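Chemist: These are the residues of each chain, in order.
2 protein chains.
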Amino acid sequence: MSPRAKARGGIDLGGTKIQTVVVSARSRVLGEARTATPQSGGPKAIAAAMAECLREGAAAAGYETAALTGVGVGSPGEADGSTGTVSGAKNLSGWNGTFALAEALEAALGPKVQVGNDVQVATTAEFKLGAGRPYRSLLGVFWGTGVGGGIVLNGRDWLGRGAAGEIGHVVVKRGGARCPCGNRGCMEAYAGRAAMEAKARRQVKKGRKTVLFDVMEHKGKDRLTSAVWEKAIKQKDDLALELVDRAVKALGAGIASAVNLLDVEAVVLGGGLGVRFGERYGPEIERRMEKNLFAHDNPPAFHVAELGDLGGAIGAALLASS
Amino acid sequence: MSPRAKARGGIDLGGTKIQTVVVSARSRVLGEARTATPQSGGPKAIAAAMAECLREGAAAAGYETAALTGVGVGSPGEADGSTGTVSGAKNLSGWNGTFALAEALEAALGPKVQVGNDVQVATTAEFKLGAGRPYRSLLGVFWGTGVGGGIVLNGRDWLGRGAAGEIGHVVVKRGGARCPCGNRGCMEAYAGRAAMEAKARRQVKKGRKTVLFDVMEHKGKDRLTSAVWEKAIKQKDDLALELVDRAVKALGAGIASAVNLLDVEAVVLGGGLGVRFGERYGPEIERRMEKNLFAHDNPPAFHVAELGDLGGAIGAALLASS
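In order, the protein sequence lines correspond to chains A and B. Note that the numbering used here gives residue 206 to position 206 of the first sequence, counting from 1, and the numbers run on in steps of one. Note that the numbering used here gives residue 1006 to position 6 of the second sequence, counting from 1, and the numbers run on in steps of one.
These are computed hints drawn from the structure, not numbers from a lab. Among the clues, some could well be false.
[Said to hold, decoys possible] Which bits of chain B does chain A cover? Going by a derived footprint, with three or more residues having C-beta under 8 Å, they are:
1) 1064–1074
2) 1157–1167
[To be verified] In silico DSS-like pairs for lysine-lysine, Cα to Cα no more than 27 Å straight-line:
3) K1221/B / K1017/B
4) K1209/B / K1221/B
5) K221/A / K90/A
6) K1017/B / K1219/B
7) K17/A / K231/A
8) K1205/B / K1236/B
9) K1291/B / K90/A
10) K1219/B / K1206/B
11) K199/A / K1291/B
12) K291/A / K1199/B
13) K291/A / K1090/B
14) K199/A / K234/A
[Said to hold, decoys possible] So, partial list: chain B residues that the calculated Cβ filter (under 7 Å) puts toward chain A:
15) S1257
16) L1261
17) L1262
18) N1292
19) A1295
This structure is a prediction, so every number in the text was calculated from the model and none was measured. All C-beta atoms in this analysis are idealised placements derived from N, C-alpha and C, irrespective of residue type, glycine included.
Model the full structure from these sequences, guided by the hints.
Modeler: See the structure below:
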């Protein structure tokens, strides 16, 4: 492909890493890069790291960023596509307020920048390019640090008043475990990686044995990443197996609740844990979901996300002008 | 209004009663009638009772049914608007299979008959004519024998693949109480009048004291109707208070789950218990819902259904040709 062919940039902004891609007009990945999200310095430092990471991804594809037809960003917090601002991205350093992210990136990169919600762009990517292609309505479930959800109905994103899709905060046990959001009994309180780690730490304090934290240290990490969980599961660690089983049950019940309400054609399971554990635990999540369906005889199709770790960035690129 | 002015008929078919209305072009109620749903004789007997009840409602309005421009029916089970058939209405006598309801009613009444889902037509009625008028998206929650739900998004019904809106079967307690649908932990297992009555009967068997069944007999009923629950609550009956409180908590959690997913502008609470208890318990259900919202700072509006007991029949009439 000639460097003059049209290409777009996509940036997936996460709490721990930034992933960028440069894609062709048909969304083929031409180059990609990844970097750690700055944990200090606030939105300005994060925007600078995003710009640098996209430059690397563009270079890998043989492009200057100024030559891209547009850039899209999938962001946590409240991303306002009309103003290009992101507000209340609480898992990012110093980002409780509102920051003009599109403006900052346009100044650094050149092309027009469009911002959107991270989970919604990942859902759109699966809908348009991944496992959701055959369907007109779907529910995307992103199982990672938290559990995010994206909804497509009649071929279009359903955003509600801007906060739709919070499947992680569907109540699966009234009065149950405390969720990072402050409420009780949310699906995320059982299935989110952050909640799973907190529970593991409490169990260890109570004297429970587990390899989870040894594996973590061995990998040079300071938290239980998806890879840490996977390794502990492979070693048949009791606590890891127990906590993943608890997560799987919560996911099954919460997804069933969503399907009972929305009756979508398909469910697509993505996210860090979803992609990593999709093959191993997807069928069990599906079975648990089916157990709680009202319309037993007509379950939705159930797929693991096809675009894997790049889905968020590829989806972000879909926001960009082509 | 002259008897020659255009009027439509609406029939709300329920497990215990049939409610009919005749309405003007602007959906003003001109006449109404009500009868008990035949508990034997199957679909034919039920269709005959529906036709007779609409004749009474029409007579009260000064119309022959043949003069109506159209008739709509809100039905339980799977109502197929394109074929006029109703299938699997399991709470009705002998209606497990498929019955050509529109055809039977057209033969008996004259005008064209359109069938639809009972909960969805009641939701549409509140959306177009009742508490939902100011909004473009809403969730209707019908708290009665079961708990039904209807969804309006961007001004249009969301039906999914035909089975959307089953808010009664959102899981509020994973592995919890057995629901009439066979699953465990559904909202309806705590909040549906049938489940509440079953629980009350089990408690009485265990020696628990309550006025519920005395009130029932005094009223000449064989089941705990909404009126029976209301009277027991007024008498501050412990068991009744406890079971309604349990229902209210389940409703709050389940409605919050739905709002976290859909982020609708408004929730409208209807149904036999919802209408009767709306004033007394609506604020508590709303408070419980808000407690479990993810977007705490932007709760949906919360209203009790405005059309009351006639909402289903008025909504059914909206299906009819005008």
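Chemist: Of the numbered hints stated earlier in the document, which are not met by this structure?
Modeler: 1
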